[in-house]
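So the protein lines, in turn, are chains G and U. Counting in my numbering, the final residue of the first sequence is number 229, and the numbers go up one at a time with none missing. Counting in my numbering, the final residue of the second sequence is number 349, and the numbers go up one at a time with none missing.
By construction, these hints were calculated from the structure, which means they are not laboratory data. Quantities reported herein were computed from a predicted structural model and do not represent experimental measurements. For each residue, glycine too, the CB sits at the ideal point set by N, CA and C. A hint or two may mislead.
With a straight-line Cα cutoff of 25 Å, these simulated DSS-like cross-link-like pairs (lysine-lysine) come out [as the list claims (entries may be wrong)]:
(1) Lys109(G) x Lys29(G)
(2) Lys156(G) x Lys250(U)
(3) Lys255(U) x Lys109(G)
(4) Lys109(G) x Lys250(U)
(5) Lys29(G) x Lys309(U)
(6) Lys20(G) x Lys198(G)
Negatives, chain G to chain U, calculated, CB over 10 Å [as the list claims (entries may be wrong)]:
(7) Ala52
(8) Val73
(9) Glu102
(10) Leu137
(11) His150
(12) Phe172
(13) Ile183
(14) Leu188
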Amino acid sequence: MNTTVSQLDQVKSGPWNGGKSPFAIEYGKIMMWFFLVSDAFTFSAFLVYYGAQRFAQITWPNPDDVFNSIPGVADSGYPLVFVGIMTFILIMSSVTMVLAVEAGHRNAKKEVVGWMIATIIGGLMFLGCQALEWTHLNHEGYWWGRIPEHYEGIDKIGAQQFANLFFTITGFHGFHVTTGVIINIIILCMTLGNVFEKRGTYLMVEKVGLYWHFVDLVWVFVFTFFYLV
Amino acid sequence: MSEHHTSVEHGQEEHHADMSKKLIWKVFFYLLAITCLEFFIALVLVYNGPLEKGPLVNFIYVVLTLVKAYFIVAYFMHLKFERMGFIICTLIVFVFIIYFIILLLTEGSYLHMHLHHAFS
Chain G
1 MNTTVSQLDQ
11 VKSGPWNGGK
21 SPFAIEYGKI
31 MMWFFLVSDA
41 FTFSAFLVYY
51 GAQRFAQITW
61 PNPDDVFNSI
71 PGVADSGYPL
81 VFVGIMTFIL
91 IMSSVTMVLA
101 VEAGHRNAKK
111 EVVGWMIATI
121 IGGLMFLGCQ
131 ALEWTHLNHE
141 GYWWGRIPEH
151 YEGIDKIGAQ
161 QFANLFFTIT
171 GFHGFHVTTG
181 VIINIIILCM
191 TLGNVFEKRG
201 TYLMVEKVGL
211 YWHFVDLVWV
221 FVFTFFYLV
Chain U
230 MSEHHTSVEH
240 GQEEHHADMS
250 KKLIWKVFFY
260 LLAITCLEFF
270 IALVLVYNGP
280 LEKGPLVNFI
290 YVVLTLVKAY
300 FIVAYFMHLK
310 FERMGFIICT
320 LIVFVFIIYF
330 IILLLTEGSY
340 LHMHLHHAFS
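Let the sequences and hints guide you as you build the complete structure.
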């Protein structure tokens, strides 16, 4: 039996043959970043298409007229207020997520739990607000393939594009928020179950945090292109 | 194999620069300030004020949005503290998105010109 190990079977530890991560980042974190880049492309494609349609159509619904209600408070006359609240909620939940990650670096389990709960509540509040926004628009007559009757003639084309794109893009984003909340709940349960205590690292919280910040980042762009521009 | 794995993880934790709580709240206030600025421009300056909806205001919105994106990606997602090689890997690919934006604005503009011509 040959006692020397062949080149192929040697355990190597150089930076480019499996010994350590060339960027000094753990494999799972790199993969999360690659996934986020790919998802960014998907959202970019949707938003750029929205821009192209807006540029191309002769008329387009005025955001200040379409989005001017505060559900439960006022039916019209307050453009941008409700979406401002939604944006603030999501940014806050992003901050609580970073605070959870920071607590994880100090292995402070109780703080991680507290900040994760705050993040989950923020996510659920955002989803509730988005549902209210959708309900309001639906009651006005908007839906996939449907627009209110007050649009006439050529205005109908832009309005139909707007309706389809609004529900598709915010729906796709809302789907990401939903999966993010579910994943956050799973991570919260894992934290409570001492999984990360035993592992010795809260790196998983950090990776899930990357996904949550991505969701916030997309919202920042969606908010700008649908409500401001 | 498992000790190999943990040594990789611990090695990575060593040179892992931290976001202190102070920095976290600082970045939050930057984000809040920029968002408030956007709302100020939209509600005070444009809605019942001197500025008009158009390319100038849109440009300002896009710039402010990109600044917010920088803060979120660099600080909250920690990209600023990673190795330069990794930052480049992640960001250079967005040059395709910039190209896509220019492409589709051109397409949209062409369509608009000809639709306008056809219907008015």
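Each hint, compared with the structure:
Proposed proximity of Lys109(G) and Lys29(G) is supported: the alpha carbons are some 21 Å apart, at most 25 Å. The suggested pairing of Lys156(G) with Lys250(U) is violated, with an alpha-carbon distance near 51 Å, which exceeds 25 Å. For the hint linking Lys255(U) to Lys109(G), the alpha-carbon distance of about 24 Å falls within 25 Å, and the restraint holds. For the proposed pair Lys109(G) and Lys250(U), the alpha carbon gap of about 16 Å is at most 25 Å, so the pair holds.
A C-alpha spacing of about 15 Å is found between Lys29(G) and Lys309(U), which places the hinted pair at or below 25 Å, so the restraint holds. For a cut-off of 25 Å, the pair hint linking Lys20(G) to Lys198(G) stands: about 23 Å separates their Cα positions. For Ala52(G), the non-interface assignment is contradicted: its Cβ lies about 4 Å from the closest Cβ of chain U, within the 10 Å cut-off. With a cut of 10 Å on Cβ distances, Val73(G) stays outside the contact zone with chain U, its closest approach being about 16 Å.
The beta carbon of Glu102(G) is not kept farther than 10 Å from every beta carbon of chain U, the shortest such distance being approximately 6 Å. Here Leu137(G) stays apart from chain U, with its beta-carbon at least about 19 Å from theirs, past the 10 Å limit. Interface exclusion of His150(G) from chain U stands, the closest Cβ pair being 20 Å apart, more than 10 Å. Here Phe172(G) stays apart from chain U, with its beta-carbon at least about 17 Å from theirs, past the 10 Å limit.
Chain U leaves Ile183(G) outside its interface by the beta-carbon criterion, the shortest separation being 16 Å against a cut-off of 10 Å. Under the 10 Å C-beta cut-off, the non-interface status given to Leu188(G) relative to chain U holds; the minimum distance is some 19 Å.
Comparing the model with each earlier hint shows violations of hints 2, 7, 9; every other hint is respected.
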